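Enquirer: So the chains spell out like this:
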Amino acid sequence: EVQLVESGGGLIQPGGSLRLSCAASGFSVSSNYMNWVRQAPGKGLEWVSVIYTGGKTYYSRSMRGRFIISRDDSKNTLYLQMNSLRADDTAVYYCARSLFSDSGTYLAFWGQGTLVTVSS
Amino acid sequence: QSVLTQPPSVSGAPGQWVTISCTGGTSNIGAGYDVHWYQQLPRSAPKLLIFGNVNRPSGVPDRFSGSKSGTSASLDITGLQAEDEADYYCQSYDASLSASVFGGGTKLTVL
Numbered sequence: 140e141v142q143l144v145e146s147g148g149g150l151i152q153p154g155g156s157l158r159l160s161c162a163a164s165g166f167s168v169s170s171n172y173m174n175w176v177r178q179a180p181g182k183g184l185e186w187v188s189v190i191y192t193g194g195k196t197y198y199s200r201s202m203r204g205r206f207i208i209s210r211d212d213s214k215n216t217l218y219l220q221m222n223s224l225r226a227d228d229t230a231v232y233y234c235a236r237s238l239f240s241d242s243g244t245y246l247a248f249w250g251q252g253t254l255v256t257v258s259s
Numbered sequence: 040q041s042v043l044t045q046p047p048s049v050s051g052a053p054g055q056w057v058t059i060s061c062t063g064g065t066s067n068i069g070a071g072y073d074v075h076w077y078q079q080l081p082r083s084a085p086k087l088l089i090f091g092n093v094n095r096p097s098g099v100p101d102r103f104s105g106s107k108s109g110t111s112a113s114l115d116i117t118g119l120q121a122e123d124e125a126d127y128y129c130q131s132y133d134a135s136l137s138a139s140v141f142g143g144g145t146k147l148t149v150l
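Residue numbers (this note's numbering), protein chains in the order written: chain F, 140 to 259; chain A, 40 to 150.
It should be emphasised that the hints constitute simulated quantities derived from the structure, not laboratory data.
Keep in mind the model is a prediction, meaning the values are calculated, not measured.
We put the CB at the ideal spot given by N, CA and C, even for glycine.
Treat the hints loosely; a few may be bogus.
With beta-carbon atoms standing in for the labels, derived distance ranges [as the list claims (entries may be wrong)]:
| hint | chain 1 | residue 1 | chain 2 | residue 2 | range |
| --- | --- | --- | --- | --- | --- |
| 1 | A | Ser135 | F | Tyr191 | 16 to 24 Å |
| 2 | F | Ala179 | A | Leu80 | 16 to 24 Å |
| 3 | F | Gln152 | A | Leu80 | 29 to 37 Å |
| 4 | F | Ser209 | A | Gly54 | 32 to 40 Å |
| 5 | A | Pro47 | F | Gln152 | 27 to 35 Å |
| 6 | F | Arg158 | A | Thr65 | 19 to 27 Å |
| 7 | F | Arg203 | A | Thr110 | 36 to 44 Å |
| 8 | F | Gly147 | A | Gly54 | 40 to 48 Å |
| 9 | A | Gly54 | F | Tyr191 | 21 to 29 Å |
| 10 | F | Arg158 | A | Leu80 | 42 to 50 Å |
| 11 | A | Trp56 | F | Asp212 | 42 to 50 Å |
| 12 | A | Ala134 | F | Ser169 | 37 to 45 Å |
| 13 | F | Pro153 | A | Thr117 | 19 to 27 Å |
| 14 | F | Val141 | A | Asn94 | 13 to 21 Å |
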């Protein structure tokens, strides 16, 4: 059974750093495209980042340069290192596994999310 | 401002039909990239509803159907039920951004 369990969220001051983890089971993160998606309180879904099987990474423009996606294949875990955090980074962060459609990828499996609150 | 545009809300009575639109542009839906739909029940993580424009994952009722034409896509829900009350999001890929993109979401209210 595919499972994704996020952790690492919490309260952090503006300008601080936080690392989120997403422990996967039932499949290999190294063999899949893995994503982070966030949702600010009362707002819609916002795609954050993806890491491809070969290690290539892409980011949403608003997070490029501040966030770093990575994975540890030996731990079957996905990470999101978040630096220079701002109040508008406050959100529930979800990790999600992509699968392929004919022309694109979709987020087939989602974790339960971890809440990050940026506030002084 | 989302790259994909959805109506903020739709509503319908039990048993009725509603449609949710998702309008993009020439760098995403119009470029041939697939559209996918997600359902988010209150206080829950999103769940895949439709993938590849028209396909339902196992377990999704056939009351839910998707379509795509040109730079737009639609999610149709027939025979509305109370448990369909949720937020619905479309998603595609945008080549000019090299990024996955979501619609702003549509809140479905079952009257």
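Enquirer: Next step is simple, just say for each hint if it's right about the structure.
Expert: To see whether the hints hold, each was checked on the structure:
1. A/Ser135 - F/Tyr191: 16 to 24 Å: Given range 16 to 24 Å: holds, Cβ gap about 19 Å.
2. F/Ala179 - A/Leu80: 16 to 24 Å: Cβ of F/Ala179 to Cβ of A/Leu80: about 18 Å, so the range 16 to 24 Å holds.
3. F/Gln152 - A/Leu80: 29 to 37 Å: For A/Leu80 against F/Gln152, whose Cβ atoms are near 33 Å apart, the range 29 to 37 Å holds.
4. F/Ser209 - A/Gly54: 32 to 40 Å: violated, 49 Å
5. A/Pro47 - F/Gln152: 27 to 35 Å: Cβ of A/Pro47 to Cβ of F/Gln152: about 33 Å, so the range 27 to 35 Å holds.
6. F/Arg158 - A/Thr65: 19 to 27 Å: violated, 38 Å
7. F/Arg203 - A/Thr110: 36 to 44 Å: 26 Å Cβ-Cβ, so the 36 to 44 Å window is violated.
8. F/Gly147 - A/Gly54: 40 to 48 Å: Given range 40 to 48 Å: holds, Cβ gap about 44 Å.
9. A/Gly54 - F/Tyr191: 21 to 29 Å: violated, 44 Å
10. F/Arg158 - A/Leu80: 42 to 50 Å: violated, 29 Å
11. A/Trp56 - F/Asp212: 42 to 50 Å: For A/Trp56 and F/Asp212 the Cβ distance comes to about 47 Å; the hint holds.
12. A/Ala134 - F/Ser169: 37 to 45 Å: Since the Cβ atoms of A/Ala134 and F/Ser169 sit about 26 Å apart, the hinted range of 37 to 45 Å is violated.
13. F/Pro153 - A/Thr117: 19 to 27 Å: violated, 47 Å
14. F/Val141 - A/Asn94: 13 to 21 Å: holds, 18 Å
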